[in-house]
Structures are given as C-alpha cells and as structure tokens.
Amino acid sequence: MTLLNQIIDGASDGCTATSDLLRKIQVLAHRLDSVELKNWVSHELNGYPVEGVVPLPLYRGPLSSPVRGTYAGPGGARLVHVISEQGVPEGAVEVLFRASLTQPLAELERLASQDDDAGVEWSPRAIGHWNKWEDEELVPSFPWMNLFSAVKVLPRSVVLGVIDSIRNKALELALELQAEFPSAGTEGGPTVADLEVANTVWTVTNIIYGNGNSIGHGEGFNQSVRVGAGDLPAFVAAVTELGLGIKDVEELAEIVSSVASPERVSRLRQFGERIADGAVALTGNVAANVVATQLLQAARQYLNLI
273 MTLLNQIIDG
283 ASDGCTATSD
293 LLRKIQVLAH
303 RLDSVELKNW
313 VSHELNGYPV
323 EGVVPLPLYR
333 GPLSSPVRGT
343 YAGPGGARLV
353 HVISEQGVPE
363 GAVEVLFRAS
373 LTQPLAELER
383 LASQDDDAGV
393 EWSPRAIGHW
403 NKWEDEELVP
413 SFPWMNLFSA
423 VKVLPRSVVL
433 GVIDSIRNKA
443 LELALELQAE
453 FPSAGTEGGP
463 TVADLEVANT
473 VWTVTNIIYG
483 NGNSIGHGEG
493 FNQSVRVGAG
503 DLPAFVAAVT
513 ELGLGIKDVE
523 ELAEIVSSVA
533 SPERVSRLRQ
543 FGERIADGAV
553 ALTGNVAANV
563 VATQLLQAAR
573 QYLNLI
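To convert, take the position in the sequence shown, counting from 1, and add 272; that gives the working numbering.
No wet-lab data here; the hints were simulated from the structure. Hints are not guaranteed to be accurate.
To be verified - With a straight-line Cα cutoff of 30 Å, these simulated DSBU-like cross-link-like pairs (lysine-lysine) come out:
#1 310 / 404
#2 424 / 441
#3 296 / 310
#4 404 / 424
#5 441 / 296
Please take these sequences and the hints and turn them into a complete structure.
Structure below.
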C-alpha cells in the first residue's frame, strides 16, 4: 500500500490516531522536500508559538468562546450568568471572547477527553475593565451586583472539531496529490522541485492557513490567466496585470527565461511565497494569496507544464 493510500485510509477510517496520521504526513513532507508541510506537521505535533510569530491555521482560531461570569452582590449574593460581548469596545472583544488554540495535538486530545469543558480565567484587570464598562452603561449589568470572576469556556465539541479539521486537511492533501501525482510519497518520487507538485502542495497549505478558500483548486484562475508556452511578452503582461511592480516583473522574466530548471522552480516557489506573505508590494486590489497562485499558474503555462 502506498503512503498516500495509508494516509487516505487512516484519515477516513476513524481508527488511526491523529498523531499517527500526522507522522505519516511528516514522512510525506520529507519525501516531497516540502518545507511548508514539514512546518505544519511540526507545529501540529509540538504546538504553535503563543507570540503569534507563526501563522495559526484558521481552524485553530481565533474562535468565538462563550464566557461564564460570576457576579457578587450584597449579603454574599452570587449569580452565574453567560456574559454577552454586546457593547464591549472593539479592541477588547478578541482578548475576552476569542480563543486561539496553540496547544500541541496531544494536549488538545487530553482536553477533548475530559469530563468538563476547559476554560481560561479572565485576569483581574479584565474584571476591572468590565465593571468600569458596567458603570458607564456600555455593557449589560445586574442591579446592585458586580462581576467577581469570569471564565472563557472552551467547549469539548470545539476541541474535537479542531482535531477533526486536522484529519480533514491530511485527507484533502493526500487526495489532491494522488489525483495528480500517484507516486508522490514514494522513495525517489516527485518533489516540490517539480513546479506542478509545488503548486498543489502550496494550494493545500494555503487553504490550511485560511488564505486559499476563495480560489478553489484551479478553475477560477485557469480562466483568468492565459499565457502561451514560451510567450514571454504574454507572461510579462499577465504578471503586470496582477499588480506587480516593474522590478518584480523583470525579476520574474529573468527567472522563467534564463535560469536552469531546478533553480528556476525553487526561485518561482520562493517568489510566490514572498507575495503570499506580503513581502512584495502589489498595486491592485487582488488578495496576495490569489496573486501568488495566479503567478504560479502563469509560470506553468509559460513553461508548458500544463
């Protein structure tokens, strides 16, 4: 059984542990020589930096989280009630009512298996701000009571949904590769040095991080980018229309027309990543991830790879 078939069966049968499934993706990533896949698997298994220096997949957050508040009043009165974000200043909503799940997969599985939902306590400073907003009548309040404590709840169903999303992304990747490159994942098989393989992997990883949902798997940009094989003026016109500056267009023209094949593919992929990361200035209103995908499509057409 091929590695791709193992991943497909493991992601769909419900019997293979998600951690084992990710380790198969890790093998696939190394055989494809894909830095993007290696990084994704590593962060899923080991966790994402809390500081936000690494993009968080869309399915990991920020996610809306219900907040359970405990109010205190005269005579030791207590009231537990769900807190609404109605009236909360915009800049505070994400801190108080959103959760980003940066934990390693093993920790997510532990949280999902507990009898009770996990939660994160609001800080004393947040409690103070809330009571101030109550006094200013910005947020809902209860007569003669103040917020004493609050917990941002993380429902087990949400955690299970994140784990399920990881499995779905693994399945989607394997199916996409199998449809176009059945030998992907075998020893000596295709790698991202092949621009077509790089484009497939890049598209799926883009969707993982929430940047590619609007571009599908090729239909849209196949219709909007038309470049004949070896037609350099048409290639230059196409990438210029995407909103690239003169110097960037000149660099791309030099890459596709004069660089040897292995280095050319690597440089094209790196250029596309720079666009998606916002490191290349664009003059139009098209999203950076769409421009990067259309650029790779134009290059494939110019190099007669489709």
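Tested hints:
1. Distance hint between residue 310 and residue 404 is unfulfilled; the C-alpha atoms sit about 47 Å from each other, more than 30 Å.
2. Between the alpha carbons of residue 424 and residue 441 the distance comes to roughly 27 Å, so the proposed pair stays at or under 30 Å and holds.
3. For the hint pairing residue 296 with residue 310, the CA-to-CA distance comes to about 11 Å; that is within 30 Å, so the pair holds.
4. Pair hint residue 404 plus residue 424 holds up; C-alpha atoms about 19 Å apart against a cutoff of 30 Å.
5. Proposed proximity of residue 441 and residue 296 is supported: the alpha carbons are some 13 Å apart, at most 30 Å.
Checked against the numbered hints given earlier, this structure breaks only hint 1.
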